[in-house]
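J.: Please take these sequences and the hints and turn them into a complete structure.
Number of protein chains: 2
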Amino acid sequence: MHALKVTRADDFPEWYQAVVREADLAENSPTRGSMIIKAWGMGLWERIQGELDRRIKETGHDNYYFPLLIPLSFFAKEAEHVEGFAKEMAVVTHHRLKLIDGELKPDPDAELTEPLIIRPTSETIIGDAFSRWITSYRDLPLKLNQWANVMRWEMRTRLFLRTSEFLWQEGHTAHVDEADAMEETMLALELYRSLAEDFLAIPVVVGEKPENERFPGAVRTYSIEAMMQDGKALQAGTSHYLGTNFAEAQNIRYQDKDGGSSLAHTTSWGMSTRMIGGLVMTHGDDDGLRAPPAAAPRQIVVVPMLRGKPEDEAIKTYCAELVAELNKQSVFNAPVRAFVDTKDARPADKRWDWVRRGAPIICEIGPRDAAGGQVTFIKRNALREGEKIKSHTLPRADFVAQAAALLEVAQVELFTEAKARLEANITGELKTFADIERYYGTGENEREFKGWARVHWSRPAGAALEEVGTRLKALKLTIRNAPQAQPAAYGPCIFTGAPGVEEILIARAY
Amino acid sequence: MHALKVTRADDFPEWYQAVVREADLAENSPTRGSMIIKAWGMGLWERIQGELDRRIKETGHDNYYFPLLIPLSFFAKEAEHVEGFAKEMAVVTHHRLKLIDGELKPDPDAELTEPLIIRPTSETIIGDAFSRWITSYRDLPLKLNQWANVMRWEMRTRLFLRTSEFLWQEGHTAHVDEADAMEETMLALELYRSLAEDFLAIPVVVGEKPENERFPGAVRTYSIEAMMQDGKALQAGTSHYLGTNFAEAQNIRYQDKDGGSSLAHTTSWGMSTRMIGGLVMTHGDDDGLRAPPAAAPRQIVVVPMLRGKPEDEAIKTYCAELVAELNKQSVFNAPVRAFVDTKDARPADKRWDWVRRGAPIICEIGPRDAAGGQVTFIKRNALREGEKIKSHTLPRADFVAQAAALLEVAQVELFTEAKARLEANITGELKTFADIERYYGTGENEREFKGWARVHWSRPAGAALEEVGTRLKALKLTIRNAPQAQPAAYGPCIFTGAPGVEEILIARAY
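So the sequences go chain by chain: X and H.
Residues in the first sequence are numbered from 1 upward in steps of one, following our numbering.
Residues in the second sequence are numbered from 1 upward in steps of one, following our numbering.
Calculated directly from the structure, the hints in this document are not laboratory data.
These figures come from a predicted structure and were not determined experimentally.
It cannot be assumed that every hint is accurate.
Any copy will do: because identical chains look the same in the list, a pair fits if it lies in one copy or spans two.
[To be verified] Calculated lysine-lysine pairs in the DSS-like style (CA-CA distance at most 27 Å, straight line):
no., residue 1, residue 2
1, LYS105, LYS87
2, LYS309, LYS476
3, LYS390, LYS419
4, LYS316, LYS257
5, LYS98, LYS77
6, LYS87, LYS77
7, LYS316, LYS57
8, LYS143, LYS343
9, LYS350, LYS257
10, LYS476, LYS77
11, LYS257, LYS143
12, LYS379, LYS350
13, LYS105, LYS309
14, LYS343, LYS379
T.: Okay, structure coming up:
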């Protein structure tokens with residue numbers, strides 16, 4: 001018996017919803033398409049935010065905050081010129097409500113002269129500020145970041161993975177030239193790789209998106225792609241070199257050292273609450289989430305096994321002392337986050353709550369532990385032996401002394417497990433499009449868990465690339481990226497038979 | 001000559017705008033009524049946020065995140081029943097844009113069945129969640145907090161003080177009874193007092209709002225009120241005991257220990273980016289902002305006095321070493337935040353930039369300092385002696401050793417200065433309404449800086465209180481709160497002549 005009613009093997013999408021719900025991560029809200037992020041989900045996001053924010057600041061970016069609402073006219077130029085401009089946005093048209101015949105309605109007398117758009121992303125309004133703030137090469141590079149909520153109207157939503165409103169971080173920078181802007185683009189990409197792999201224990205493939213998957217208006221788009229346990233890919237962060245496209249549209253110019261006027265080269269890059277969906281589908285098991293210790297809001301949870309008896313007091317004292325000692329330890333360059341769960345609930349219920357949330361170490365302290373000076377605990381990332389829960393016991397002093405190491409090992413084990421799965425599920429065996437069709441199957445023969453394929457291609461562009469996209473789409477596949485690590489030589493293009501020039505990853509994706 | 005072109009004495013509102021602009025705090029945006037919060041302003045907000053968030057968590061609250069958009073129907077009941085319900089809200093009516101005859105417009109085919117409102121505050125949608133999450137007394141207290149952007153349509157805006165969109169924190173809690181909910185209400189109020197006084201060095205008066213100044217739907221509203229240098233009051237945080245009013249409207253019920261069904265008692269409390277406006281008008285001087293050291297994003301800024309000469313390298317090395325040593329020191333329970341400003345700009349310009357931003361200690365390191373192993377610095381909170389800038393010099397080791405103490409002293413001095421001003425500018429001399437009229441003046445005789453008045457009243461209610469409000473409004477005055485510290489006995493009511501029962505503060509206000 002597992003802690004969730006549905007297993008990954010039974011129904012992966014249902015299992016995902018179950019983890020999100022049972023791990024106290026999020027739930028659907030009465031506002032269609034928007035979610036309520038709950039305590040444990042928000043705790044994870046705050047940890048991700050804190051870690052990435054520190055790195056963003058250390059690399060010379062300042063945080064700013066730009067308006068939620070952007071005048072409609074700011075999108076007009078984009079809509080005319082940028083192919084792929086997405087128009088699914090929330091539009092504010094009125095600024096007052098009024099009781100009309102007893103019914104609350106938008107006040108017809110309070111219609112805005114120009115509608116306002118809830119930001120889907122902030123390139124336009126930040127670019128407008130850049131054009132005012134940048135006058136000389138001395139003002140460059142201008143490197144800023146913003147943590148914000150954004151909105152893109154979505155018809156079919158899934159908690160964390162695709163919601164109309166989501167939380168994210170968006171970096172926006174301006175530079176004197178391509179070399180400097182490209183360095184920034186790759187720096188941001190490396191921040192995301194490191195956040196995913198080193199902090200969240202999610203192995204990713206870093207690479208460049210093909211032309212048809214670029215951010216509209218970008219010259220180059222890079223992504224980190226993570227493999228979910230159903231073999232699908234999740235794009236978990238993107239970094240764009242925008243060339244002078246946005247600078248031209250928004251007149252972001254600077255006086256260079258020779259007194260001439262030049263267009264700035266800009267970048268943008270973003271990472272969102274989607275990452276939490278990736279965390280669930282990378283580390284979750286049939287008992288719930290397994291939070292990577294570096295990111296877990298609580299790393300060690302102590303559940304006192306109270307039974308309404310006189311020895312309860314001794315147990316409570318013992319637990320409080322244990323947590324105080326643990327919190328004096330350091331791990332991942334910060335104090336250990338240990339916690340006693342004193343909620344008025346059955347100890348067994350509390351234990352399972354923390355198993356489902358994925359607290360890395362869960363201690364269960366009963367009268368025997370308190371009297372004997374020991375700690376009984378389970379490791380969430382290695383919860384079971386066969387079907388049985390595996391419990392460990394250590395003398396209290398040893399447990400405290402080893403706590404940091406236990407957490408570090410769990411972090412490494414989670415990464416190693418996910419990395420092995422990623423590597424085992426990328427095939428390099430497909431040489432023709434017929435191979436792809438056979439491998440992934442279609443219709444009734446569609447196969448559920450097939451992972452990704454590394455294939456060679458001739459990097460077709462324009463209409464030829466569109467045709468490739470269409471052929472892949474029929475198999476529900478997309479090109480994820482061209483990994484940074486490339487082989488020494490290429491076979492023929494899997495789509496056209498022409499000489500190959502690049503290795504790309506194809507996969508089903510969220 | 002001061003660093004700003006306008007002084008407080010010349011034109012206080014203009015001076016305020018100048019500080020906000022020149023200290024890199026914020027600027028108006030192309031979105032009417034919304035601001036762009038810039039690097040130093042955001043840095044201050046992040047420090048405030050970090051400090052308050054820590055205290056909110058330490059007192060047992062978890063962070064959640066609720067949707068930005070709230071269905072219109074959630075406000076319908078409030079609009080019908082709550083007097084003072086504010087209807088100035090941004091209304092989303094469409095979810096798509098469309099190019100119609102070459103012009104980008106809300107797509108008529110994408111009109112929402114039910115309009116959505118950008119949250120002005122989240123009582124309604126959080127209350128709805130409470131009604132689903134709370135079933136038993138075991139679920140109480142439920143204590144949560146959210147950091148969010150909110151929007152209330154404003155016609156006349158002023159950066160930080162009154163903008164349509166602002167950032168804030170809103171606490172929402174549910175309890176078994178009045179006693180527990182009132183304890184929470186007062187706890188939040190104390191969090192705000194301590195944040196203002198101990199962290200931001202802003203002295204405040206803590207008290208209860210009169211009936212006519214309560215949050216719509218609240219049973220009791222408490223506030224912290226700060227005195228600006230023009231003698232006006234700024235409400236800098238409010239805490240509301242909502243009784244069972246919201247619980248009734250939203251059906252927040254729990255099964256009590258005896259199996260009966262009871263309404264929960266709820267609270268809400270908020271503090272916003274408005275606080276930064278209060279910071280400016282409390283600590284600013286004619287040279288710009290003076291940031292309290294505990295909250296300053298950079299506490300010690302080192303400006304290398306480079307002159308394009310060979311000794312520049314030695315200066316740079318010296319500055320880098322100095323900052324590294326400083327950052328190893330601790331102050332206010334955290335590492336010192338020291339920083340070398342290596343921007344490509346004239347040293348004198350950089351110095352004045354940091355003076356205007358109000359970095360607490362600004363070091364200017366020239367060849368003589370580097371060669372002699374000393375540090376030349378200015379204290380921002382005691383910048384001048386007469387008109388002249390007062391500079392200090394210490395041997396480097398002494399400066400490093402004393403850095404924490406220098407910052408601590410500056411923090412105390414800022415608070416002491418503001419506290420003395422607050423106390424000196426509250427009069428207890430007004431006994432009749434004619435005294436008030438004479439003291440504050442009207443029309444041409446209106447006096448600019450008059451501070452606040454402590455007066456006694458009989459706590460009239462209903463229509464009588466409304467009349468008091470009208471009489472005060474004619475003098476541009478409002479009742480701020482009834483301070484927690486009350487005298488032993490009361491004189492007659494200044495409005496009615498009836499026996500006094502309470503001392504209240506009246507003031508002009510932002």
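J.: Please write out, lowest number first, the hints stated earlier that are contradicted by the structure.
T.: As far as the earlier hints go, 2, 10, 13 are violated by this structure, in ascending order.
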